[in-house]
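Chemist: Chain by chain, the residues:
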Amino acid sequence: MGRYFTRNRVRRIYKWGSLPISYDRKLKTDEYDSLHISLEDLPRTTVITNGEYILIEGVDDDNPYVAKVKKLIESDKKKKALVQWFFRVGELPPNKMKLLGREPHPQEIFFYEGRTCDDEIDVESILNTVQVKFLSAEAPFPEGDRQEVLYVKLSWNTKVFKAVKPEQMDTVAGPRLAPPPPLPCSPPAAATPRSRAPSRRALPTPDLMVMNRAAAVGGFVRGTVSAGKLMEAEAESMHSASKLSASKCLSAKRRSSVTRTPGVRKKLELSSPGKTSMDGDDMLCQLLDKELAEDALLVQRSTTSLTRPMSQPCGLTPVRKAPRSPGSWGSLSMKQSLSLSRLTLGGDGSPASTQHDSAHRPFLASLTPPLLDTPHRAEENENSPIVPAAASPRCSRRKSAQLVSSRIRKQLNLSNDLYSDGDDSDEFLPSAKDLRSSSEEEEQEEEEFGGSLDSDEEIVAKKSKRGAAGPRTPRSAQKPRSSARTPRKTPVKKATPTTPRTPRQATPSIPSRSLPARQPGSALEEARARLHVSSVPESLPCREQEFQDIYNFVESKIMDGTGGCMYISGVPGTGKTATVHEVVHSLQRAADADDIPSFNFVEINGMKMTDPHQAYVQILQKLTGQKATADHAAALLEKRFSHAGPKKESTVLLVDELDLLWTRKQNVMYNLFDWPTRRHGRLVVLTIANTMDLPERIMINRVASRLGLTRMSFQPYSFKQLQQIIMSRLNKVKAFEEDALQLVSRKVAALSGDARRCLDICRRATEICEHTSSDPSAPGLVGMSHVMQALDEMFSSAYVTAIRCASIQEQLFLRAVLAEFRRLGLEEATFQQVLVQHQALCRVEGLQPPSVSEGLAACQRLGACRLLLLEPSRLGVLQRVRLNVSQDDVLYALKAD
Amino acid sequence: MSKRKAKDSQMPIGECISQVQTLLRERLCHQQLPQRPEGVDSQHKHLLELLKRTALHGESNSVLIIGPRGTGKTLLLRCVLAELLAEEDIHKTLLQVHLNGLLQTDDRIALKEITRQLSLENVVGDQVFGSFAENLTFLLEALKKGDRSSSRPVLFILDEFDLFAHHKNQTLLYNLLDVSQSAQTPVAVVGLTCRLDVLELLEKRVKSRFSHRQIHLLRSLSFSQYLQAVQAQLHLPDASFPDSTFCHDWNASVKALCEDKSVEEVLLRHFNSTKDFRSLHRLLMASLSRVSVSNPTIKPADLLDASRLFSADAMTNVLHGLSILELCLVIAMKHLNDIYDGEPFNLQMVYNEFKRFLQRKSNSMYNFDLPVVMKAFEHLQQLEVVRPVDAAAARAQREYQLVRLMLDHSQIMEALQRYPQCPTDVKQWAASAFG
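Line by line, the protein sequences give chains V and R. Last residue of the first sequence? That's 897 in our numbering, and every number before it is there in order. Last residue of the second sequence? That's 1435 in our numbering, and every number before it is there in order.
Bound-form chain R, shown alone (with noise of 0.2 angstroms):
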C-alpha cells in the first residue's frame, strides 16, 4: 500500500487502482460506516434517542429492530451506536454487551459471555468461573445492586434475538427484560432479528415483560433510488482521494456505467429479484475485482458477466460435469418422475428405464452393466441430485433404496442444452420417453 500523498500529485495508474480497491471493498463489506444510513430517518432517530436516554436518564428500555435480512438492521444500530458514543460522557458511562443468536446458543454460554464483556468480579483474565446457576445468580445480584442513578447503564444487544427465544425456559430474556422493567440497573435491550412474527415466540410472561417498542426497517425504495444508491456506492470521495484527475476519471465512468441500457437492465433484473442490499454488493464486488492497470474503470460487460455468475442456477452447473451415462440416469428418472408423479423410485426402475431406452434406440450408447450404473447411482447421490427418501429407506438394499430427484425439469433440459457433444438419440430421449 503506498502512502498518501499531497493531493494534486499525479499518482502511477498502479498506485490509483489499489487505492481504489482498498476504499471500495472496505465500504462494499461493511467495514466502514457511512455517514448516515439513508432512508432510515425516524427509525434513527427514535432509536438514537432511546439509547441516549438509557444512557443518560438511567431509564431502562427495551426495543427490537426487525426487517428482512440485509434491510441494514446492524448498519443502523452500529451508527447509532457511533454516533452515541461520540459523546464524551456517553462513551465513559455506556457498558455494551454484544450476543449473537448464532454464537450464543444457549444461556449457559450467553450468561458467560456477558459476565465475560462486563468484566464483572467473578472474571480472571478471560476466564469466566462457576457454575451456571452461580453464574446466573451472580449477574442477577450484579444487575439486582444497582440503581437508575448510580451504576453504569448497561446496553444489551442481541443478534438474531429470535434464536434466544428457543432457549430453555427462555430463562435469559425473561431477566434481561425483567431487569429494563423494574428499578434495577438501567439497561437497554436491543434485540436484532428478521422474523416478523418474533414476539409470538416469546413466552407470554417473557412478552408482558417486552415494552413493545418495534422498528421496523421495511423500505419501500424505487428503481430509480436503487440506481442512485448504486452510483454512491461506486463514487470516490473527491475531497480525500490522493490522485484528483484520477477520481475525476473515475466517478464520471460510474456515472456514465449507471446511464448504460444493458447495465441498468442487468440492474433492473436483479433490483426485482431482491433488493437485498447485500447482494448487491456481491454484484459490485466482483465487478471490482476485475478493475486492473489494463482495465482502469468498470466496464458494463463486466457487470453483465458477474451478473450471469450471480444468477446462474447452482444444480445445472453441477449437471455440467457429469458423464453420459449419469446423464442417461438422470434422464431416465425425470421419465420415472413423470409416469409415477413424483413418487420415489429405485436404482432397478432407473436401470430398466435406462435399458429399455437402450433397446429402442441406441447406437451410440455402449450397453453398462449393472455394477457400473450403480456406481453412476452412488455419485449422482453423493452430488445431492438424488436423495434417498428418509432414514429407514437408507438401510435397505442399495438398488432397492427409494430415492428422489432433486432437480426440477427446466434443470435438467437447460444442462442438457448447453452440454458439449451431447448425443442427439439422448437429446431426444430427454425431450420425450418415446422420441
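Isolated chain V (complex conformation) (with noise of 0.2 angstroms):
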C-alpha cells in the first residue's frame, strides 16, 4: 500500500538545520530555514528548506498532501512550517472536476488558492521532499518514467481553474532581497520569489507586456539550469511584480471593492507570519531582524552546502499581497516594493544583481522606518482597504443571512400568492451560463500565457528520496478522499462500499429501466405528482423560524471554526430531517458563492444502521471513504477529531433517530457528542429525535451534558400551516376546492399535525376524484366528497365492518364473550366459560351448537384479525379471551346486523 514512509512505520527525528536566523518578537517564534529529517538508525538526512514542495501526512498514505514550505518557524516548543497548499486531482470535488475540461493528468497537481485550509502544519507531518514541475496551461504533460514528479498547470480557488501565473509560483521571496546566488546544488524549487497571493478575476489585470514577460520568464523559473539565466529570470520577475504593484496602486480604489469578502480577512490571517496583522512598529523589528539573519546566513551558507538556506519571510512578501493586507502593511509593502523596484531595476539583467541589491542593504533599512510611518495614516484616510477587509466576516455573515431572510421574504409571497413566479433557486446556484462565462475567461487567460512556455528544458533538481518512495502508479492518485472535501449533500460514494468478501466490486444499483417513466398528463395527475412526500419542493413553508435559528446556528459554529451540539425533536412528520436539509443546501449555496467557508457534510440514520456501532463506519466511510471496522472506525474518528490536521474543514454531522444510538454504555453517543467539544473538533452534531425529553429520559448525564441545551423543538403543523403546505406544493395546479383543502388539513392537524398524512391524503383523494368521475377526461376539482371518502378509507377503523362481516358463529362467539364478561363482572374469560354461554346462545338462537373444536376454531379465527385477544392456542379450552374492541363497538356492530 503506502509509498512513503510514515511516522507510524519508521520513527523520524526532526531537527533544525541551524540556529533561529530571526526571532519574532511579538508571537514569541523563532525562523529558522532549514529542517532536518532524518530515519532512525539510517544515517541518511533529508534537508527541507524554504520554498522546498514537501510531501505531508495526510489520509492517504498513498498520496500524501503537497505544500511548498514557506516559512519554518518554532513557536511553543513545536516546530511548525508555514506552507502554500497544492491540490492532487484526487482531493479536488468531483463534481468540479468538469470545469476543468479534460482529463486531469495523474500527476497533475494544483496551486491552492482557496481559504479554508489552515497553512500551518506541524512539521512531524512532513514526509518528504518531491519535485514539482511547473507548466504553462497549454504545454503537454511531459511523457516519461519521471513518475516522481508533480506538475502544476492551473489554480484552484474552490470555484475554478485558472491558469498559474509565474509570479504566483514564484513570488514567495521578498522583493527587498534578491535571491542569493544560487549554488549549483541548490533545489530549484525555492530559486524565485513567489507569491500566495490567488489571483483573482477582480483583481486589476496586469497589462499584457507584463504579462506575457512574466510568463515567459516562467518558463524556466525552476530550472537550476545556470546561475546567470536565473538570475535575470529573477530581476526580471522582479520587475515585473513590482510593476504589478505600481498599477495596483493606481487602482486602489477599484480594489477595496474587491476585498469585501469573507474570506479577505482569513486569508490575511493565514499568510501574515503568525497569523496576526501588525502594526508598523512590529514590522519595522522584524524587517530588521531579517536583515541580521539574512546577513548571518549569507556567512553561513559559504560554509555549508546547504541547498537554500536563503529565508523567505512571509513579511517581506507583500507585493501582490498589498491590497490585501490591513492599514500600515499594505501601505508600507507598497512603497517599499515602489522603492525595491527602482533598485532592482538598476541591476536588471546582471548575474550581479545579488550584490548590487545586499550593497544596498543598508540604504534599505535606514529607507525603511519613515516608510513605515508615514504611509499608515494616509492610507487607512484615503482608499482604506482595511475597513472593509477587517469587516468583512461579520459583514458577509450578515450578508449571507441576508440572503437567507430574503429568501424566506420570497417563500412567504410565494406561499401568499400562488401564482407568483416561483423559481428563486436560480439565485443561489450560479446558472450555467456564469459557468460557461468563467471558463471562457480561463481560455482567454490561457491563451495568453500561449506558446510562451514552450521551453520545458529546466530541470528539476531531485531531492533524494526515501529508498522506499517508489515511483509513483498513476491511478493511485484518483481515488483518496475526494469525498472528503466535497460539500454536497451526501458524500460521493465510493464505487466500492460493499463487501470485502464479495468476489468482485459490486456497485449496488438498481437497473434501470428500458423504457423512460410516463409524465403527468392531466392536472390531477400533476397534483397527486407535486403532493407526493417524496418530490422536493421549492421552499420549506411554515418552518422559517426554524431555518433560521438552526441556520444561524451551523454558520455561526462554521464561521468560527468551533464545533458544537444541536438537538432537534419533534413528532414524525414535522419537517425536522428536511429543514435541516435545507438548512445545509443553503451553506452549501453560501460556501460555493465563497460567503463561509466550505464544509463537509455527514448523514446518518439510526435507523438505517443495523448496531448503533455502525455509526462510526459510516461516518467514516461517507468521510474519507475509507472502510474500516468499527473499533478501528471509532479509533480512527478520534484521531481525526481530536488532533489538529492540516487542511481541516469544518465537518457538519446530522444524526438522524439519535434514539437508535442508545447503548447500555451510551458510548456511541457520548463520542458523537464529546467530539465537537475538542479544540480541533470542528465537527458541528445536529441530532434528530421525536421525543423532547430524550437527552432527560435516556441518556446519563455526561452524556446530556456534553449535547448541551441547545435544543429545537418542532411543533406539530396547525391547519394554516398544513393548507399552507399544500398551496405551496400544488402551486399553480388548480386541483382541489378550497373547503376540500381546509378539511384535510383541519382533520391532520386536530389528530396529528404529520405533513405526510396531509399530502397522502390528498394525493388519495385526486384518486378517487379521478375514479368517480363521469367523464374521465375533465374529471374537475376534488370536493368535499371526495376528501371525505379518503380520510375515511384512512382514519375509519375497521373493526366494526369486520365484525358486521363475520360468520354467524362468530358473531355468536362475541356475544357469548360479551355475557361473561357481564356474568364475571371481568374483562377476562376463559375459553372454557365463553363456550357454556355460546352453546346456550346457539339454543336461542335455534342453531346448532358448535362442538367445542369449532368453538375453538371461531375464537382462533377472531383472534387471528386481533377482534379477540387471546393466549397460546396450546391451553385449548384453558385459554383466556379479552376483546380487542371496544363493548361497545361489538354492540353497536351486532345491534345493526
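Accuracy of the hints is not assured; some may be wrong.
Chain R residues, not near chain V, derived (Cβ > 12 angstroms throughout) [what the hints assert, rightly or not]:
(1) Q1031
(2) V1123
(3) L1227
(4) R1356
(5) F1357
(6) A1392
Restricting the straight-line Cα-Cα distance to at most 30 angstroms, the calculated cross-link-like pairs of lysine-lysine (BS3-like) are [said to hold, decoys possible]:
(7) V:K627 x R:K1145
(8) V:K639 x V:K79
(9) R:K1144 x R:K1168
(10) V:K720 x V:K734
(11) R:K1168 x V:K720
(12) V:K648 x V:K26
(13) V:K608 x R:K1204
(14) R:K1052 x V:K608
(15) V:K639 x V:K665
(16) V:K648 x V:K80
(17) V:K734 x R:K1052
(18) V:K608 x R:K1112
(19) V:K80 x V:K26
(20) V:K28 x V:K79
(21) R:K1144 x V:K627
(22) V:K627 x R:K1112
(23) R:K1145 x V:K608
(24) R:K1052 x V:K732
(25) V:K627 x V:K608
(26) R:K1045 x V:K734
(27) V:K28 x V:K77
(28) V:K627 x V:K648
(29) R:K1168 x V:K665
(30) V:K639 x V:K608
(31) V:K26 x V:K15
It is worth saying that the hints were derived from the structure and are not from the lab. Think of the CB as a built atom: it goes at the ideal place given N, C-alpha and C, for glycine as much as any other residue.
Both chains are given apart, each in its own frame, so use the hints to dock them into the complex.
Modeler: This is the structure we're talking about:
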C-alpha cells in the first residue's frame, strides 16, 4: 500500500538545520531556514528548506498532501511550517472536475488559492520532499518515466481553475531581497520569489506586456539551468512584480470594492506571519531581524552546503499581497516595493544583481522607518482597503443571513400569492451561463499564456527520496479522499462500498428501465405528483423560524471553526429532517458563493444501521471513503477530530433518529457529542429524534451534559400551516376546492399535525376524484366528498365492518364473550366459560351448538384478526379471552345487523 | 394423464373422472387463478391502479391489504399481478420481491432475500455475501441511486406483514417505507396481513412514513351467494373440457347437489361457522376425492360424510382410543374439577377419587395398583388430555405434580356415549359423582 513512510512505521527525527535566523518578538516564534529529517538508525538525512516542495502526511498514505514550504518556525517548542498548499486531482471535488474540461493528468497538482485550509502545519507531518514542475496551461504533460515529478498547470480556488501565473509560483520570496547566488546544487523549487496571493479574477489585471514577460520568465523559473540565466529571470520577474504593484497602487479604488469578501480576513490572518496583523513597529522589528538573519545566513551558506538557506520571510512578500493587507502593512509594502523596483531595475539582467542588492541593503534598512510611518495614516484615510477587509467576516455573515431572510421573504410571498413566479432558487446557484463565461475567461487567460512557455528544458533538482519511495502509479491518485472535501448533501460514495468478501467489486444499483417513466398528463396527475411526499418542494414554508435558527447556529460554528451540538425534536412528519437538509443546502450554496468556508456534510440515520456502533463506520466512510471495522473506525475518527490536522474543514454531522444509537454504555452517543467539544474538532452535530425529553430520559449525565442545551422542538403543524404547505406544493395547479383543502388540513391538524399524512390524503382524494368522475377526460376539482371518502378510508377503524362481516358463529361467540364478561364482572374469561355461553346462545337462536373444536376455531379466527386477544392456543379450552375492541363497538356492530 | 382429444369425442369414463379430478383439484388447491376475484371489484381496481402508477409513472406507494384469513388477499394480489404482467412494458420493467413474515423471520434473512431476488451485484449464484450491515448499506445505496424516471420500479410484497413489525427496531419496514416516501428508486410496498390492528404495531416514525392506504377485504356475503360460489367451484367449463356429454352430466349433477335439502343444510352450517373459502375448499376436496368410476358424481352423502369429518371434535376422537382405566381417570378428574372449581389437582387426588369409586360400587372394575394408574396418567399427559400447570410444577414428584384437565365436560360425556362397551357403572359415575 503506502509507498511513503509514515511515522507509524519508521521513527523520524526532526531537527533544525541551523540556529534561528530570526525571532519574532510579538509572536515569540523563532524562524529557521532549514529542517533536517533523519530516520532512526540511518545516516542519511533529508533537508527541508524554505521554498521546498514537500509531502505531508495525510489521510491517504498513497497520496500525501503536497505543499510548498514558506517558512519554518518554532513556537512554544513546537516545530511548525507555513506552507502553500497544492491539491492533488483526487482531493478536488469530483463534481468540479468537469470545470477542468479535460482529463486531469494523474500527476497533476493544483495551486490552491482557497482559504479554508490552515496553512500552518506541524513539521512532524512532513514526509519527504517532492519535485514539482510548473507547466504552462497549454503545454503538454511531459511523457516519460519521471513518475515522482508532479506538475502544476492550474490553480484552484474552490470555484474555478485558472492558469497559474508564474509570479504566483515565484513570489514567495520578498522583493526586498534578491536571491542569493545559487549554488549548483541548490534546489530550484525555492529559487524564485513567489506570491501566495491568489489571482482573483476581480483583481486589476496587469497589462499584457508585463504578463507576457512574466510568463516568459515563468517557463524556467524552476530550472537550475545556469546561475546567470536564473538571475536574469529573478530580476525580471521582480521587475514585473513591482510594475504590477505600481499599477495596483493606481487602481486602489477599484481594489477596495474587491476585498469585501469574508475570505479576505482569513486569508490575511493565515498568510501573515504568525497569523496576526501587525502594526508598523512590529513590522520594522521584524524587518530588522531579518536583515540580521540574512547576513548571518550569507556567512553560513558559504560554509555549509545547504541547498537553500535563504529565508523567505513572509513579511517580505507584500508585492502581490499588498491590497489584502490591513492598514500599514499594505501601504508599507507598496512603497517599499516601489523603491525596491527602483533598486532592482538598476541591476536588471545582470548576474550581479544580488550583490548589487545586498550592497544597497543598509540603505534600505535605513529607508524603512519613515516609509513605515508616513503612509500608514494616509492610506487609511484615502483608499482604505482595511475597513472592508477587517469587517468582512461579520459583514458577510450578515450578508448570507440577509440572503436567507430574503429567501424566506420570498417564500412567504410565494405562499401568499400562488401565482407568483417561483423560480427563485436559480438566484443562489451559479447559472450555467456564469460557468461558461468563467471557463471562457479561463481559456482567454490560457491563450495569453499560450506559446510563451514552450521551453520545458528546466531540470527539477532531485531531492534524495527515501528508499522506499518508489515510482508513483498514476492511477492511485484518483481514489483518495475525494469525498472528504465535497460540500454536497450526500458525500460521494466510492465505487466500492460493499463487501470485501464479494468476489468482485459490486456497485449498488437498481437496473434501469428500458422505457422512460410516463410523465403526468392531466392536472390531477400533475397535482398528485406534486403532492407526493418525495417530490422536493421548492421551499419549506412554515418552518422559517426554525430554519433561521438552525442556519444561524450552523453558520456561526462554521465561520468560527468551532464545534457544537444541537438537539432537534418533534413528532414525525413535522419537517425536521427536511429543514436540516434545506439548511445544509443553503449553507452549501453560501459556501459555493464563498460567503462561508466550505464544509463537509455527513448524514447518518439510526434506523439505517444494524447496530449503533455502525455509526462510526458510516461516518468514516462518508467522510473519507475508508472502510473499517467499528472499533477501528472509532479510533480513526477519534484521531481525526482530536488532532489538529492540515487542511481541516468543518464537518456538519446530521444524526437522524438519535434514540436508536442508544447502547447500554452510551459510548456512541458520548463520542458523537464529545468530538465537537475538542479544540480541533470543528464538528457540528445536529441530532434529530422524536421525543422532546430524550436527553433527560435515556441519556446518562455525562452524555446529556455534552449534548448541551441547544435544543429546538418542532411543533406539529397547525391547520393553517398545513394548508399553506399544500398550497405551496400545488403551486399553480388548480386541482382542489378551497373547502376540501381546509377540511383535510383541519382534520390532520386535529389528529397528528403530520404533513406526510396530509399529503397522502390529498393524493388519495385526487385518485378518488378521478375514479368517480363520469367524464374521465375532465374530472374537475377535488371536492369535499372525495376528501371525506379518503379520510374515511384512512382513518376509520375496520373493526365494526369486520364484526359485521364475520360469520354467524363468530358473531355469536363475540356475544357470548360479552355475556360472560357481564356475568363475571371482569374483562377476561376462559374459553371454556365463554363456550358455555356460546352453546346456550346457539340454542336460543335455534342453531346447532358448535362442538368444542368448532368453537375453538371460531375463537382463533377472531383472534387472528385481533378482534379478540388470546393466550397461546396450546392452552386449548383453558386459554383466556379478552376483547380488543370496546364492548360498545361490538354491541353497535351486532345490533345494526 | 390422457392426452386431450377432439371435443366431441367420447372418452372412457375413467379418463373423464381423472380429468375432473385434476381440474378441480387445481382449482381447490389455489393453483389456478380465477378470471377475476369475486365481489372485490373496487379493491381490485384500487390496487391495480396503484401498482400501475408505480410501474408506469414511477410513483412510489405503500399499501396494506387487510382481511381475515381465507378472504382472498393473496388471490387478489395474484390476480392484479397477473393482469399487470400481461402488459408488455410492465412485464419488462417491474421487479418483484416476495417476502413472507413466516420465512424471513428477521431483517438479516429478509435483506439477503431481497438482495437475492433483486439479483444485485453482490449476489453470486444464489449466495449473498457480506455482513448484515454491509448488506443493508448496499441495498440502501442501490435504492438511493435510482430515481423516479430512469430506474426500474421495485414491487415489495410482504406477506404476513404484521410479523415484520416484530423485527428489531422495524429497520426493514422503516427503510422500505422511507424509500417509498422519498425521491429514490420507485417502489411499491404491498403488505398482506390479517391483523386489523396492524397499524398499531408500527412505531410512530414508521407509521408516519406509511401512506395509510389500506385495502380491506371484508365481504358480507349472503348464503345464496355462498351457494353460487360452491356451484361455481365445482362447475366444469363447457368449452374446454374434452368430453362434452360427461361435462354436461357433471354440471347437471352439481346443480342438483346444490339444490338438495340435506346438502343445503350442511353448507348452511358450514357457512354459519365460517365464511373462509379455504375451509369450504377443504370440504369440497374431501367429497371430490370420493368420486370414482363406480361413483361418477358427488352425492349428497359424500358431502355429509365430509362435513361430519370436519366438524368432529378432535378431543372426543382422542378419548375414543383410551382404555377403561384411563377413561375412569378422566372421569375422576372431571369430578375433581367440579369439586374444586377448576383448581389444579395431582395424581394422588385422582387416584383417591378413583379408589372411592371402586369402593362404593364396582363389580366390573379390577383394583389397579398405583404404578399402573401412574402409567395411565402419564399416557394421558402425553396425549395432552392433562397438562402440568407450569414449568415449576413439572419438577415436582410425579404423584404430586399439579395438572389441569384440558377437556370440557361435554366432550367427556360425548366420548362416553360413543365409547364401545362402556360399563354402565362407569357411565353412571360419570353422570354423577355419587351415582
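Chemist: Taking the hints in turn, state whether each one holds.
Modeler: Do the hints match the structure? See the list:
The claim that Q1031 of chain R is not at the interface with chain V holds, since no C-beta of that chain comes within 12 angstroms of its own (minimum 24 angstroms). Not every Cβ of chain V is farther than 12 angstroms from the Cβ of V1123 of chain R; the closest lies at roughly 8 angstroms, contradicting the non-interface assignment. Every C-beta of chain V lies more than 12 angstroms from that of L1227 of chain R, the closest at about 15 angstroms, which supports listing it as non-interface. Under the 12 angstroms C-beta cut-off, the non-interface status given to R1356 of chain R relative to chain V holds; the minimum distance is some 25 angstroms.
Remark: the non-interface label on F1357 of chain R is consistent with the geometry, its nearest Cβ contact in chain V lying 24 angstroms away (cut-off 12 angstroms). With a least beta-carbon separation of about 17 angstroms from chain V, A1392 of chain R lies farther than 12 angstroms from that chain, consistent with its non-interface assignment. Distance check on the hinted pair: K627 of chain V and K1145 of chain R sit about 20 angstroms apart at the alpha-carbon level, within 30 angstroms; holds. For the hint linking K639 of chain V to K79 of chain V, the alpha-carbon distance of about 20 angstroms falls within 30 angstroms, and the restraint holds.
Between K1144 of chain R and K1168 of chain R the CA atoms are separated by roughly 23 angstroms; this keeps the pair inside 30 angstroms, and the hint holds. Only pairs whose Cα atoms come within 30 angstroms are accepted, and K720 of chain V paired with K734 of chain V is accepted, the gap being roughly 19 angstroms. Note on K1168 of chain R and K720 of chain V: the hinted pairing is violated, with a Cα-Cα distance of about 37 angstroms set against a maximum of 30 angstroms. The suggested pairing of K648 of chain V with K26 of chain V holds, with an alpha-carbon distance near 26 angstroms, which does not exceed 30 angstroms.
At roughly 16 angstroms between alpha-carbon atoms, K608 of chain V and K1204 of chain R fall within 30 angstroms of each other, so this suggested pair holds. The straight-line distance between the Cα atoms of K1052 of chain R and K608 of chain V is roughly 29 angstroms, inside the 30 angstroms bound, and the hint therefore holds. Among the hinted pairs, K639 of chain V with K665 of chain V is consistent with the structure: their alpha-carbon atoms are about 21 angstroms apart, no more than 30 angstroms. Proposed proximity of K648 of chain V and K80 of chain V is supported: the alpha carbons are some 16 angstroms apart, at most 30 angstroms.
The hinted pair formed by K734 of chain V and K1052 of chain R meets the criterion: a straight-line CA distance of about 24 angstroms does not exceed 30 angstroms. Between K608 of chain V and K1112 of chain R the CA atoms are separated by roughly 16 angstroms; this keeps the pair inside 30 angstroms, and the hint holds. As the CA atoms of K80 of chain V and K26 of chain V are separated by approximately 17 angstroms, the hinted pair is consistent with the 30 angstroms bound. In summary, the hint linking K28 of chain V to K79 of chain V is supported, as the alpha carbons are separated by about 13 angstroms, within the 30 angstroms threshold.
Restraint check for K1144 of chain R and K627 of chain V: satisfied, since their Cα atoms lie roughly 20 angstroms apart, inside the 30 angstroms limit. Taking the CA atoms of K627 of chain V and K1112 of chain R, the gap is near 21 angstroms; set against the 30 angstroms cutoff, the hint holds. With a C-alpha separation of about 15 angstroms, the suggested pair K1145 of chain R and K608 of chain V falls inside the 30 angstroms cut-off, and the hint holds. Simply put, K1052 of chain R and K732 of chain V have alpha-carbon atoms about 26 angstroms apart, close enough for the 30 angstroms limit, and the pair holds.
This hinted pair checks out: K627 of chain V and K608 of chain V have alpha carbons roughly 17 angstroms apart, not beyond 30 angstroms. With a CA separation close to 26 angstroms, the supplied pair K1045 of chain R and K734 of chain V stays within the 30 angstroms bound. The hinted pair formed by K28 of chain V and K77 of chain V meets the criterion: a straight-line CA distance of about 10 angstroms does not exceed 30 angstroms. At most 30 angstroms may separate the alpha-carbon atoms for a hinted pair to count; K627 of chain V and K648 of chain V meet this at roughly 21 angstroms.
Distance check on the hinted pair: K1168 of chain R and K665 of chain V sit about 19 angstroms apart at the alpha-carbon level, within 30 angstroms; holds. Taking the CA atoms of K639 of chain V and K608 of chain V, the gap is about 25 angstroms. The hint holds against a cut of 30 angstroms. With a C-alpha separation of about 24 angstroms, the suggested pair K26 of chain V and K15 of chain V falls inside the 30 angstroms cut-off, and the hint holds.
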